[in-house]
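Sequences are here, hints too, so could you generate the full structure?
Each chain, written out:
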Amino acid sequence: MSGGVDSAVAAARAVEAGHEVVGVHLALSRAGGTLRTGSRGCCTVEDAMDARRVADKIGIPFYVWDFSERFRDDVIDDFIAEYSAGRTPNPCMRCNEKIKFQALLERALELGFDAICTGHYATLVDGDEGLELHRSSEEAKDQSYVLGVLTAEQLRHTMFPLGETPSKAIVRREAEERGFSVAKKPDSYDICFIPDGDTRGYLAEKVGAATGDIVDRSGEVVGSHEGAHAFTVGQRKGLAIGRPASDGKPRFVLEIRPVSNEVVVGPKEALAVAEISGTRYSWAGAAPREDAFRCEVQIRAHADPVPAHAVLADGALVITPDAPLDGVATGQTAVVYVGTRVLGQCTIDRTVSAVPVDPQPVSA
Amino acid sequence: MIYLDHAATTPLRDEARDAWLEAQRVTGNASSVHGAGQNARRVLEEARERVAATLGAEPIEVVFTSGGTESVGSALQGLWRRRAADESRIVLPDGEHHATLDTVAWLASHEGADVSPVALDAAGRIPVDAFGAAVDGAALATALVAGNETGTVNDAAGLAATAARARVPLHLDAVAALGRTRVDFAAWRGDAPAGSGLVAMSVSGHKIGAPVGTGALVVSRTAALEPLLHGGGQQRGIRAGTQDVAGAVALATAAELAEAERVEESARLEALRERLVADLARRIPAAIVLGDREHHLPGTVHVMLPGAAGESVLFLLDQRGISVSTGSACQAGVAEPSHVVMALGYTAHQAREVVRISMGTSTTAADLEALADGLVEAYDRIAAD
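For the protein sequence lines, the chains are E and B, in the order given.
Under the numbering used here, read the first sequence as residues 1 to 364, first letter to last.
Under the numbering used here, read the second sequence as residues 1 to 385, first letter to last.
The reader is advised that the hints may include incorrect statements.
[What the hints assert, rightly or not] From the derived model, a few chain B residues whose C-beta atoms are all more than 10 Å from chain E:
no. : residue
1   : Ile2
2   : Gly37
3   : Arg82
4   : Gly190
5   : Ala224
6   : Ala287
7   : Val289
8   : Thr364
[To be verified] What follows is a list of derived Cβ distance ranges for each label pair:
no. : chain 1 : residue 1 : chain 2 : residue 2 : range
9   : E       : Glu20     : B       : Thr347    : 27 to 37 Å
10  : B       : Asp121    : E       : His157    : 44 to 54 Å
11  : B       : Thr347    : E       : Gly248    : 55 to 65 Å
12  : B       : Thr347    : E       : His157    : 25 to 35 Å
13  : E       : Lys184    : B       : Ala348    : 36 to 46 Å
Read the hints as simulated data drawn from the structure, not as lab findings.
Where is the CB? At the ideal position from N, CA and C, for every residue including glycine.
This is the structure in structure tokens:
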């Protein structure tokens with residue numbers, strides 16, 4: 001129970017369904033603000049109080065459990081390490097993978113509980129080969145992407161009461177009917193451990209900002225930057241390049257090289273990625289029967305899924321979208337769907353460009 | 001329900017409740033000149049005399065407050081703001097209650113105070129000689145008479161004598177000590193020079209069976225203490241505001257009862273404590289009881305259960321209807337392992353594996369048997385992996 005409206009309604013529905021429910025608020029951050037400031041961040045003392053009051057209203061016990069140490073190790077430190085290595089992490093995936101559905105689930109099972117119930121918009125379906133994770137009802141804000149990292153075992157101990165609800169507005173209305181003060185509370189977005197939303201500033205502080213070169217694909221220096229972590233693949237804004245490209249077209253970030261502290265830029269076409277792959281992958285349920293199969297791949301929570309061909313080869317999941325994808329950064333998660341079903345995911349280790357490498361300029 | 005968190009708060013004594021209700025019939029502002037006011041004043045001052053007697057203080061030295069936090073904050077801020085001109089150091093032992101820690105931290109970041117920490121010994125006691133070394137030339141010093149988490153009892157007389165010798169004003173936090181161990185302001189103050197040595201002492205009502213919202217700050221006649229509240233000049237100008245007559249009566253009633261039964265009750269709780277500790281040593285060999293073996297409050301057992309998160313143990317016991325704590329009840333919201341346990345040299349991780357059991361008047365041997373069973377079962381379940 002984060003103190004948000006989704007987990008509030010989810011808890012209420014679980015109670016109504018006849019389950020024995022205990023509400024838990026996760027204390028993940030050491031920073032601990034008191035009052036919420038806007039919609040950014042999460043889990044201030046006020047959020048914990050909001051969650052508590054909902055628990056009071058629905059008549060369930062309420063605890064605040066401290067997972068800040070593991071959160072720091074598994075989510076925050078990973079976030080910083082990934083950016084330091086020039087990759088683009090997704091801390092919400094790591095949090096689901098390591099904290100909510102692992103550390104918390106472990107404790108819950110240890111204490112005699114059967115399942116973790118959350119306010120995520122996703123559905124569980126009993127399939128032929130066991131439990132399946134599916135997208136939520138069409139109009140809702142489907143959150144199956146961030147749950148793509150769950151395993152069959154984890155799914156067995158999970159409940160998503162909001163999955164079948166067609167819209168968020170309905171959930172809010174229900175919260176109001178139930179008398180929850182959080183009915184009108186805005187959703188939190190951005191990264192929960194960077195409450196002021198200034199990811200760049202946060203990284204500058206944690207990773208350190210060192211001036212370096214902005215180079216084109218041939219290695220020619222075209223500008224300078226004040227910290228490679230401030231850039232992400234596909235980015236166009238924020239490039240302080242003195243002169244325009246020789247072809248006059250806008251330049252985009254293609255790659256971040258942390259060792260040489262270089263940011264590589266090029267034309268939009270160069271962003272096109274023909275193939276993505278990852279050696280760290282998991283199945284949200286039964287593994288696929290074939291080593292090669294058709295699917296849809298989604299590389300961001302709010303990206304559209306695109307049709308693709310997937311192959312398991314040499315310990316890697318290799319995904320080839322039918323049409324090249326733009327702006328794919330290593331470190332991101334590729335979630336693989338078959339219809340509405342989440343098949344699984346991989347962390348993208350490698351991308352293969354859709355365009356051939358430019359020939360070297362002929363020396364004068 | 002088996003309630004074993006008396007250090008957090010303890011049930012309102014029937015006598016205190018009755019006395020409070022009775023005193024509520026007295027209508028009159030104790031500061032008013034007319035007969036109704038005089039009557040209220042009489043009831044109030046009788047209560048003050050009774051409280052003073054239990055604390056070893058003179059009635060004029062007793063200032064009624066809203067509780068421990070107000071007493072501690074008023075004392076520290078008040079002594080700081082009337083400190084000797086050239087001093088800026090505050091002597092702060094490790095492991096003090098948050099009312100002390102946070103106040104001193106605030107003075108350091110906002111009013112230029114420098115903090116001289118004093119490390120605790122392995123048993124969690126303030127070493128008097130280390131305290132003495134720190135106190136030399138300080139603006140003021142503060143110390144717990146007894147800790148609310150580990151239950152360790154310090155040498156209050158020794159600490160006060162040290163402060164007197166150094167001519168430094170000392171505040172003692174007797175919130176956890178009152179009713180459990182001897183508290184004697186006059187004895188500890190001795191014949192310290194005016195304005196130095198023991199000059200202030202905090203106590204809280206709801207820890208001894210008076211209502212929440214009652215408490216007192218003993219302030220020596222010669223103490224230089226800047227008030228926090230200004231207004232009607234009540235209570236020597238130290239704590240302005242219409243005085244809570246009924247609260248004072250309830251506090252006096254509870255204080256007298258607590259002191260009258262202290263020796264016998266302490267012996268009873270100590271025996272229960274010893275049995276519990278022996279039981280745990282036998283059934284959970286890995287358990288570590290923290291605090292001083294000799295100098296501790298009767299009835300407080302602060303135990304580390306390696307490999308078991310305190311939160312998990314607390315939950316399982318709670319499910320069985322047994323109430324214990326993982327540390328001070330006052331750390332609201334922000335995730336924080338017990339700084340007191342860390343002051344003993346443990347890591348933050350270890351400090352999260354601690355459970356505090358504190359007994360009270362209602363505690364029976366059967367309660368503790370149930371607790372021990374619950375702890376053993378919880379520990380087996382959690383620490384198995």
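Each hint tested on the structure:
Every beta carbon of chain E lies more than 10 Å from that of B:Ile2, the smallest distance being close to 17 Å; the non-interface claim holds. Every Cβ of chain E is farther than 10 Å from the Cβ of B:Gly37; the closest lies at roughly 41 Å, confirming the non-interface assignment. A cut-off of 10 Å between C-beta atoms confirms that B:Arg82 is not in contact with chain E; the least separation is 31 Å. The beta carbon of B:Gly190 is kept farther than 10 Å from every beta carbon of chain E, the shortest such distance being approximately 43 Å.
With a least beta-carbon separation of about 34 Å from chain E, B:Ala224 lies farther than 10 Å from that chain, consistent with its non-interface assignment. At the 10 Å boundary, the C-beta of B:Ala287 stays outside the reach of chain E, the nearest C-beta of that chain being 18 Å off. With a cut of 10 Å on Cβ distances, B:Val289 stays outside the contact zone with chain E, its closest approach being about 23 Å. For B:Thr364, the shortest C-beta to C-beta distance to chain E comes to about 25 Å, beyond the 10 Å cut-off, and the non-interface label holds.
A hinted range of 27 to 37 Å holds for the C-beta pair E:Glu20 and B:Thr347, which are about 35 Å apart. Between B:Asp121 and E:His157, the C-beta spacing of about 46 Å keeps the proposed range 44 to 54 Å intact. One distance hint, 55 to 65 Å for the beta-carbon pair B:Thr347 and E:Gly248, holds here, with the actual separation near 60 Å. A hinted range of 25 to 35 Å holds for the C-beta pair B:Thr347 and E:His157, which are about 31 Å apart.
Between E:Lys184 and B:Ala348 the beta carbons are some 38 Å apart, a value that agrees with the proposed interval 36 to 46 Å.
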